[in-house]
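If you read the sequences in order, they're chains A and B. Numbering follows the working numbering, with no gaps: position 80 of the first sequence is 80. Numbering follows the working numbering, with no gaps: position 182 of the second sequence is 182.
It is worth saying that the hints were derived from the structure and are not from the lab. Computed from a predicted model, the values in this text were never measured in an experiment. Among these hints, one or two may not hold up.
To be verified - FRET-style restraints, in silico, Cβ to Cβ:
(1) A:His96 x B:Glu187: 49 to 57 angstroms
(2) A:Ile18 x B:Thr394: 24 to 32 angstroms
(3) B:Lys88 x A:Gln100: 32 to 40 angstroms
(4) B:Gly183 x A:Asp9: 51 to 59 angstroms
(5) B:Thr318 x A:Leu176: 18 to 26 angstroms
(6) A:Val119 x B:Gly183: 21 to 29 angstroms
C-beta atoms are modelled at their ideal positions from N, C-alpha and C, and glycine is treated no differently.
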Amino acid sequence: MADSPKQDDWTKPAAMAIPKEGFFKLEQGRYGPIFPKTPACHGFSIIAKVKPGREQAVREYGKNIEEAVKGDPYVLAPLRLHYLRWVLFDVGSGLHFQYQGIFDTDFDKYLEDAVALFVKTGITTVFVNLEGWPEDWKTNVSAVITFFREHQCPSFLEYGEYPYVSADEIKKALQLKAAFSNMLDQMQ
Amino acid sequence: MLEFEDIQHILVTRVPALTGRYEFLSFRNAAGGRAWLADIVEKVQSAAEVRASVEREHRWVTVAFTWNGLRALGVDEISLATFPEEFKHGMVARAEILGDTGANHPDNWVGGLASPDLHTIVVLFARDVTERGRCQAEHAKLIARCTGVEVLSSLDLEATPPFGYAHDHFGYRDRLSQPVIEGTGEEPTPGSGAPLKAGEFILGYPDEDGLPANLPKPEVLSRNGSYMAYRRLQQHVGAFRAFLRQHGQTREEQELVAAKLMGRWRSGAPLTLAPDGDDPELGADPQRNNDFNYKQMDPHGYAVPLGAHIRRMNPRDTAVNMNRRRMIRRGATYGPQLPEDTPEDGLERGIAAFVICASLIRQFEFAQNVWANDRNFHELGNERDPIIGNQDGTLEFKIPRRPIRRKLTGLPAFTTVRGGAYFFLPGIKALRYLAALGDAHGTECDSVKAQES
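Model the full structure from these sequences, guided by the hints.
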């Protein structure tokens, strides 16, 4: 079940501290507990260790995704994203990879669609450089979903300057602004 | 090439039945259960048989098992472990995911369907009541001969007038949008999409993504099988009609509210093609009544509201990977018809239906969890499916309209889940394999064979 829609005032910035489990009340989704919507909308932070010697392969993938989005700017639209961040870091325990996303749908709901999209765009091929990635990922969607679930690190705090606002609402507001400006121009 | 002689007929054929009966059984004794199965398997028709004989047959039998049922028959733990998690859990354990909370909660279910003792379902479809009665008596005799086979409950199905077309107790024409399986030779009606790979519905074949991994083992058990989610959905006809009267002054206005909730007029005519008034001829014409999309024809929901039942259960070109979410629906109505202008009589009536698919979690559970019960589907904010969603009187239904939309608030529940279960629908060879498990075959059942029914 979805969280009840937040009626919070978008003009009032808000922060939310989140329990260690990543949720306040255990609510079962199809693949596991549902993570709550926060002032920073939905999101995930997938963190996994990079296989030795694979740093360059991971870095080069940045270019591939850039090209994929250039080729079809709406290729990632089904993920209902705000932002994605891809980070490589080593704080002394080996090279780690972080894939952090902020989006408007529940992590659990569209997992199969996300995996299908990752396969289609080649995003999954970057994951083969990570430890723990299932060998049979091409045919075993549930193993891929398990990997994401197991490597998701829930936030303990999230903040929104304009809380709970969806990407669609932002785009609609900007379109309205553009249409309004255009209307004023036409009236000159 | 599909193995029609091994696939249970319910997967690919719709039979000309006006009545039916579901019996829910429990096996207290594995050998008794296998003896029962060894007998009834002779009456379970394959798709090939039904295709050849449907005109002269009078009854059609389907058999399927819960995970507990497979164990009760003696399937070993290694094999049981290879079934998917959601099937192992069963529908009761998945209640929260499915929206079966509040009045829909398994605690309120009837017929022993929420019990772990539910092991098998026998689905009988019959041409008429006489034939149903005859089969029912034959089956009772078979059960009496088999040790430890117990009937938990049963449900009689009846079509209601007018008999010329399938419809539910609310009066909506049904069975208008069914996927077609590639290789069956069937032609999809215009608008229904191309035939889908068999693996979307039948185990052992490639699906829309290729050859699926991790099918249940051994192969003889899973091949040509499928999964059936059973739903017994009570329809509150009195409450539904009262709602229409409350929100429509005239007959025409009431029909429009009914059409907006569904996305089709009760005649079956889709609002995308008949936005301003009913067109019964269109509703009855399979060449036209499903030939529409949403992205081009109705992006804002001025015809079919974004939260209408058919737009949720089949978002067509507005959902990604739509081909991986399709489901085959079978079933029938039960309970007496509530005549027009008759007050609610308190009798239970509804739909007892099966959703058949290769993956309960990806197809059936997704549809329940996301399409039917996600309050924020299509950014609607505070809605669930007006017909089958979990409604507690606090949600709304928005009808886009120019210049401003109409919002119906405090939607009551027009349906209540009265029971359900996840079944595995084995192929014919798998039924024989199950019947022959162990060495007790034939010893727990009177050796006199049942008269052919």
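We went through each hint and held it up to the structure:
no., hint, result
1, A:His96 x B:Glu187: 49 to 57 angstroms, "holds (54 angstroms)"
2, A:Ile18 x B:Thr394: 24 to 32 angstroms, "holds (26 angstroms)"
3, B:Lys88 x A:Gln100: 32 to 40 angstroms, "holds (33 angstroms)"
4, B:Gly183 x A:Asp9: 51 to 59 angstroms, "holds (56 angstroms)"
5, B:Thr318 x A:Leu176: 18 to 26 angstroms, "holds (22 angstroms)"
6, A:Val119 x B:Gly183: 21 to 29 angstroms, "holds (25 angstroms)"
Every hint, counting from the list given before, is met by this structure.
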